[in-house]
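Colleague: These protein sequences, in sequence, are chains B and X. Heads up: the first sequence is residues 625 to 960, going by the numbering used here. Heads up: the second sequence is residues 632 to 889, going by the numbering used here.
A hint or two may mislead.
Chain B regions said to be covered by chain X (calculated; three or more residues, Cβ under 8 Å) [as the list claims (entries may be wrong)]:
hint	region
1	657-671
2	692-701
3	786-796
Honestly, the hints are just simulated from the structure, not real lab data. Keep in mind it's a predicted model, so treat the numbers as computed, not measured. All C-beta atoms in this analysis are idealised placements derived from N, C-alpha and C, irrespective of residue type, glycine included.
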Amino acid sequence: MEHHLIMWHWPMIVYLFLAGLGAGAMAVSGIVVLWGPTGEFRHRAALIARLGAFIGPLPVIIGTGLLIYELGRPFRALNLFTSNFWFMVLNPSPMNWGSWFILLFCVVATIYALTFIPWKALLSGERGERLEARSERLRAPMATVCVPLAIAMAIYTAILLAAVPARPLWHTPVLWLLFTVSAFSTGLSAIILVQRFMFRKPGAVRGAVRREDPAFRVTEYYLVSMKVLLIIAELVVIGLFIMFAHMTINSANFAVRTLLPGGEMATAFWLGVILVGLLLPAFIEGFYLLRTAVLGHEFEWPYVINVSAPIAILFGGLMLRYVIVVGGQITGPIGI
Amino acid sequence: MSDSSAKPVSRRKFLKGLSQGAAAVATAGVAGGAMHAAATKPATESGEKNKVQYGMLIDLRRCIGCQACTVACKAEADVPMGVSRSWVEYVEKGRYPNVGRSFLPRLCNHCSEPHCVRVCPTGATYERPQDGLIVIDQGVCIGCLYCAQACPYDMRFLNPVTRFADKCDMCIHRVSKGLVPSCVNTCQGRARIFGDVNDPGSEIHKLIARNPVAVMRETYGTQPNVYYIGLDTTDENTRKPGQYVRVTTNKARSTKRT
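The following block holds chain X by itself, in its conformation from the complex:
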């Protein structure tokens, strides 16, 4: 009897402990570098001190082009009709029967040397010191769209509702609470990995270190923090004569002036 009365308690305790541990593991796995204590972090090779730099790694071998991230972003950030913060481009190439199709999920690269921040005349767009994300202060922005001209990735647009510049902010409202961005949360193939690029213990850091990765338009010197595994650099504008390439951006396009 004493056994039976003691057993449920211990089992409950055991289960409770187990679930707590699992939750902690899950949170750590999901949040990546978010749980990391900055004080114990060793310096990285890049010489960037102990700076937290959130970034994303997109494993294109796992991307199926389902546009779930596009939809999640639209819903999460309440992006108005006709504009997009994030989308997946389809690249089709070749001649039958030798054809190929690849996907290119797009989002703000949250560059370490952002051109958009340099040209902003009011300081409305800036790099957050705590996590290296590029954000826009909608209270300071005048909507001149100089940043949109300066971005080599065409990520910025004029929000037709607020009339200010807008772009992907890596879901700062989620990541500052230890969650992952909405697109990462929803990704069906787990192609997107979010975390602190500078933290040697993080999953994203390990994957970047161990895999051949590429960033978009590296020659522009923007030092993007969105990395791709298996990036297809085929472009309509740089194709060879006779080569068939068709790119469908799937980016919302307003017919009205933006």
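So here's chain B without its partners, still in its complex pose:
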């Protein structure tokens, strides 16, 4: 009946992707700090935790900056925090809760990232040692705060969309699961991608981690297995997402047709999200995983594939946000 104008543009899409990525990386880092391995794998785990902590806050801050840029009047954004105290406390708006989450996340994640800076190497003398000791003491408590906060952030990016009944594609009880799984998968992929750049050359050494260590390869194997499991989980959740909408009568059914073959978003969804973002990395990585698991080969693969698989997953995560945000806006309630 109406023209549905697209009101949330690329900054919103990129923001949802980056916030998910940051939250995912942060959650992985915190989980590794809290329940990570000790002994032989200690240094390897520390590296993953450090990378996750450094990746965590940056995308969230950039994404939030994009949103504020889209508003056109940046200082108006402060109204989110200053309009009225009692209104703030009792406000049911997910965007308001989310703003506080983002603010808290950015502060806490930055402090958490600071605890990973090698102070001893940067500052000579007693000051460096004192900061290093303080950082190490602070790390685990900060991780305990960070993990639930990061998961809340990942869920929030979906709740923001799911809260509006007038957008039937978003207004589904599955969306938060889809975005959370995607957040973990993109966050983990970002960590894996960065460390693959770091250990590009054979014989590369970073701190206490060497590329030729058996621990390196084993950890890599487990990380990639985790990633493939997340991809499978995401495929299952996407299946549920489509099924829920397709089995509903009226508006939700009408809205999901935009993703199904013949719909306006079908190409972006099936090519971008499903094929490039999920199936391709799953098959590539699954092949090398199975080669190691079944045939007992060494877990080693060409550098191009090594790097392209996580990039494909990141691309798929961005496409997922694009498809959901745009698809939700070009569809709407049907009937009068």
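Following the hints, put chain X in place on chain B, whose structure we already have.
Modeller: Coordinates of chain X only, in the frame set by chain B:
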């Protein structure tokens, strides 16, 4: 002589009194519930106490689709190019010679359970306690357009001049002075009736009570306060296979990003 000197005075007095009375009647008729004294109002069946709730009834049997309301709204509210607060949709259906055309004037429904107010992160959009109208405080709005996503009626837009959310405000500057909204004022067929829905004495209340009325998208639970008599629910998206339906919204559409 004394008669003739007295007569003009009395006639003038009589005419004056008559005109005053007529003016009062006209104002009461036009303003509907605006003149109503809240203190004497009995409670309504809906249990909404004595709350004043402005609303509109659009009698589609009287609508001729002339778009006078669209133009009046554009002029009254100084709505920028490319966006609209109010418009009239044309619904064409059927196959020759069995064809039909109906009109659907659109404006903000000023819902009693507004989704837009629930999602507003700053409290910029709220329900006015004195008359139940949904308004936007442009001094608080951040222009995030969450409300525009939440509105099931697509009534909200980003004002390209102010960069804040905007929509029909039922001409609060007019109705708070006892006048009717601009679209009601200009309506050629008197299809639009404005007034206090909760006031049993008002014309709108009586018409709603005595006629089969409908609201748009009732299933969304928004409890709209814009009622229609003779609403045609034909929609392009819900038509049966083979049925011809064409909807022309006549809504201004900006090519630029909104």
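Colleague: Each hint: holds or not?
Modeller: Now for the hints, and whether the structure bears them out:
Only residues whose beta carbon comes within less than 8 Å of a beta carbon in chain X count, and the region 657-671 of chain B has 0; fewer than three means the coverage is violated. With 5 residues having a Cβ less than 8 Å from any Cβ of chain X, the region 692-701 of chain B passes the three-residue criterion, so the hint holds. Residues of the region 786-796 of chain B lying with their CB closer than 8 Å to a CB of chain X number 5, which satisfies the three-residue condition for coverage.
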